[in-house]
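On the provided structure of chain A, position chain B as indicated by the hints.
Given next are the chains, with one letter for each unit.
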Amino acid sequence: MTSSDEARSLLREFPVVDGHNDLPYALREQVRYDLDARDIATHQNAHLHTDIPRLREGGVGAQYWSVYVRSDLPGAVPATLEQIDCVRQLIARYPADLRSALTAADMEAARAEGRIASLMGAEGGHSIDNSLGTLRGLYELGVRYMTLTHNDNNDWADSATDKPNVGGLSAFGREVVREMNRLGMLVDLSHVAATTMRAALDTTTAPVIFSHSSSRAVCDHPRNIPDDVLERLPANGGMAMVTFVPKFVLQAAVDWTAAADDNMRANGFHHLDTTEEAMKVHRAFEETHPRPIATAATVADHLDHMREAAGIDHLGIGGDYDGTAFTPDGLNDVSGYPNLIAELLDRGWSRPDLAKLTWQNAVRVLSAAEDVARDLQATRAPSNATIESLDGVDGD
Amino acid sequence: MADLQDDIPTTTEVGEDDCLPDDPFPTESGTDVLERAHALLAAHPVADGYSGLPRALAPLPWYDLELGETAVDTDVPRLREGHVGALFWSLQVPEGERADRAVGATLEQLDLARTVVERHPEGLRLVRTAGQVIDARHCGRVAVVLGPASVAALGDSLGILRVLHSLGLRVLSLAGASWAGEEGLTRFGEEVIREMNRLGVLADLTGAPEVTLARVLALSKTPVLCTRSAAAAVRPHPANLSDELLARLGGQKGLCMVPLIAEQTGSTARDVADHLDHVRTVAGPECVALSGTYDSGAGHPRDLADTSRYPHLIAELLRRGWSDTELSLLTWGNVQRALRSADFTARAAQRRREPSPPRPADADV
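Protein chains in written order, with the numbering used here: chain A, 1 to 396; chain B, 1001 to 1365.
Just so you know, not all the hints are guaranteed correct.
[As the list claims (entries may be wrong)] Covered by chain B, per the in silico footprint, the following chain A stretches (three or more residues, Cβ under 8 Å): (1) 29-38; (2) 70-79.
[As the list claims (entries may be wrong)] Below, a sample of chain A positions facing chain B; criterion: calculated Cβ distance under 8 Å: (3) GLU82; (4) ASP85; (5) CYS86; (6) GLN89; (7) ILE91; (8) ASP129; (9) GLY133; (10) THR134; (11) ARG136; (12) GLY137; (13) GLU140; (14) LEU141; (15) THR257; (16) PRO382.
None of these hints come from the bench; they were simulated from the model. Using N, Cα and C, we set each Cβ at its ideal position, and we do this for glycine too.
Okay, chain A solo, but in the shape it has when bound:
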C-alpha cells in the first residue's frame, strides 16, 4: 500500500477535525450570502478552497467554521450573528453531508453517520463587544471556541500583530476566560500575543486550543507559538492545530511577504490594499521576485517540532482555508489533507499517532472543556462583571 492509500484509509476511520475555515466569510464577501450562487454541493474551485466534494476527498470529518468578522469596523456583534446564520443555513441546505455539532458526542455521532460535524468558532474578542451577556449569547447559538483577538488588540487582550497594550490579558480579559471555562467554550489562542497566551494559560482551568497556528521555533512569525507555550500544553491538556498559511510557516515566504509589503508602502499603498491599482503593483513585484512555495513537507516540519515540544496528544490541524490567499503546494484546498498525512507516514508517524492528530485530540479537548463547564456551573453563577468594573476604563 502506498503512503497515499494508507493516508486515505486512515482518514476513513479517523477523519480530520479542522480548527479553522473561513468559508462563511468568503460567502459574505463574494456573494452576500446568496448560497445559490455558491452551491457547495458542486465543485467551486474557481471561487473557493472549500466545497463538499473536496471536503469528502480531503477526509474531513469535522470542521470548526469560523464566524469571523472584521475587527476594524463597528457592528461586530450583528455581523457575527449573520455569520452564525450562514453556517446554520449551510447545515440546513446540505443535511446529507453536514451535521450540526455542539458537543464532543455530536462529533462522534457525525463520524458514525459519515457526515461532517459542523462546529462554530468566533475569531476575535471584538465579537462580544466587551459583554459577557453577549458571550453567553454566542455560546447559546452554538459557538464553541473564541479566539481572544484577531489582528488588532481589543480592550482586554493583546494581539500578536499589534502593539502591546494591556500586557496580555486585563482583569476583564481574565474574567472572559473564566466565563468561557464556565460555559464550555474553548479559549483559542491563535492570533494573540505570546503574553496573552501565557496569561490565558495561567487563568484557564480548561484545555485551550490554537485553532490555526504553527511553531515559532521553525518559522519566526508572531502568529506562531513559542516553544515555552507549546511546552505548557501537556499540563493544560489543550492542543495546537497546525496551520498551512505559507506566510506563517515558510521563512522564505515570511521574508518575501515583508519585502512585498515594503514595496506596497513604498508605492504609497496600504500593504493589505487589494484595489486594482494596488494589485498591479503587487503583481509587478511578484514577477521580479518569485513567490516562495511551501509544501506539505513544510507543514510536516512544524508538526515534527511541535510534537517534540508539546507531545503527540496535543496536536491538531487548522488549515485556514478560504481565510488566506495562498496555500502550500499539495495542500492547495480542503482536498489536500491526505497529502499531509502521507508525508507524515513517510516520516515514520504511526497510525495511532496520526489518529490522535486528525481526530482524537480535538474530540478529547472539547469533551474535557464540557466536563470543566459542568463542574464550574455547579459552583459559579453567570458572571455579571463589566469591563468598566474590572478594568476601570470606558469600553471604548
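Just chain B now, with coordinates in the frame of chain A:
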C-alpha cells in the same frame, strides 16, 4: 373559593378596595364579584402581553422573585395572586442606544431573561410555542414568552432575525423601523414580515405609523399584536388606536392588548374597563387582551398597582356584564390563539419557503 379568600393578605390596598363606597351593583356584594373573578381566573389565567421585568431587575445587586421582591411590581407570589399564567417579557433596548449596540443589547436582554428564569425554576418557565404555554400551566409554572424586542435588534438583517428567533424571540416591535415609516413598508420591509411569518415571530405594531399597521394587517398571514394600545376614541393618545384601525384589526383577528398605563387609559380600573368595553365593541371580543406593562417605567391606574391586581379588573368587567366566555378570551384565549396561529403559519410556510438571504440584493433597505 373559601381558600382563596383566606389567602388574601390584609394589605392596605385590599382594605381600601373592600370598602369602595361606590359599588354600582349593591345587589351583589363586592366580595362576591371578586370571588367570581378569582374563580374565572383560576380557569382562564391572564396572559399578560407586556412586562418590563428583565430590565427592571438588571441593575439590582440581588433579588428573589420566588419569595417576593419589593423592588419591582412583579414576583411569583403576586403573579400567583393575580392569576397570571403567561407573561411576555419585553426585550426592548433603551431609546438612544447606539444603533450598532442594539443587537448586542438585545442578546444581553435574552441572556438576562434566561438567567432570571433559570434562577426561579419553581415559578417561571421559558416557552416558545402555544403548546409549551399549556405545558407550563399544567406544571404550575408561569410561562415566559420572549418579546417584544426592538426592531433595532434586527440590524436590518433577516439573518439576525432568524438567530434571535432561535434564541426564543416570539414578538418583534415594528415601531421605529427604517423600512416601515410613513410611506408604509419598503420591499425589504415586506420580506421581513414574510420571514417573521415563516419563523413564527409575531409583529407588534404599537407605535408604528398607521399606514404600516394597515399594510402589515394586509400582508401578515397570522394575526398581529398591538401590545400596548388602547382606544383613541375613549382617550386620545399617540399609541392608542382609532376606531377605524380597531375595526381593521378586528377584521384580521389581531389583538389590541390594552395596557395598564394611566397615561393611555386613565387612572383607575374603571377607566381601563371603559377601554376594554370599547375595544370589545369595535374590534370584537376575540381581539382584545391585556398588557400589564408592569416594571416598564409606566405609571399604572392607582387600583392596579402590581401584578396581583388583575382580579379587581376582572371583577369590574363582571359588574359590567362581560360574559364568562368573553372574559376567558380576554385574559387567556385570544393570546393563545394568536400564538398558536403563528405556530401553524410558520410550520406551513417552512414547507413552502426557503429562508431569505439576510439582505436581498434587489430589495431596497
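Hint by hint, here is what the structure shows:
1. Counting residues of the segment 29-38 of chain A whose CB lies closer than 8 Å to any CB of chain B gives 4, which reaches the minimum of 3, so the coverage claim holds.
2. Counting residues of the segment 70-79 of chain A whose C-beta lies closer than 8 Å to any C-beta of chain B gives 4; at least three are required, and the coverage claim holds.
3. A distance limit of 8 Å between C-beta atoms decides the matter here; for GLU82/A the minimum to chain B is near 4 Å, and the interface restraint holds.
4. Hint status for ASP85/A relative to chain B: holds, with the closest Cβ pair at about 3 Å, below 8 Å.
5. Restraint check, CYS86/A versus chain B: the minimum CB separation of about 7 Å is within 8 Å; hint holds.
6. Annotation: interface hint on GLN89/A holds; nearest CB of chain B at approximately 6 Å, less than 8 Å.
7. The beta carbon of ILE91/A is not positioned within 8 Å of any beta carbon in chain B (closest approach about 12 Å), and the interface hint is therefore violated.
8. Annotation: interface hint on ASP129/A holds; nearest CB of chain B at approximately 5 Å, less than 8 Å.
9. With 8 Å as the threshold, the beta carbon of GLY133/A comes within range of chain B, its nearest partner Cβ sitting at about 3 Å, so the hint holds.
10. Nearest Cβ of chain B to the Cβ of THR134/A: about 5 Å, under the 8 Å cut. The hint holds.
11. Nearest Cβ of chain B to the Cβ of ARG136/A: about 5 Å, under the 8 Å cut. The hint holds.
12. With its C-beta approaching chain B no nearer than about 4 Å, GLY137/A sits inside the 8 Å limit, and its interface hint holds.
13. Among the interface hints, the one on GLU140/A holds; its C-beta lies about 6 Å from the nearest C-beta in chain B, closer than the 8 Å criterion.
14. Nearest Cβ of chain B to the Cβ of LEU141/A: about 6 Å, under the 8 Å cut. The hint holds.
15. Hint on THR257/A is violated. Least Cβ distance to chain B is approximately 33 Å, over the 8 Å limit.
16. Because the smallest distance between the Cβ of PRO382/A and any Cβ of chain B comes to about 6 Å, under 8 Å, the interface hint for this residue holds.
The structure fails to meet hints 7 and 15 from the earlier list, while all remaining hints are met.
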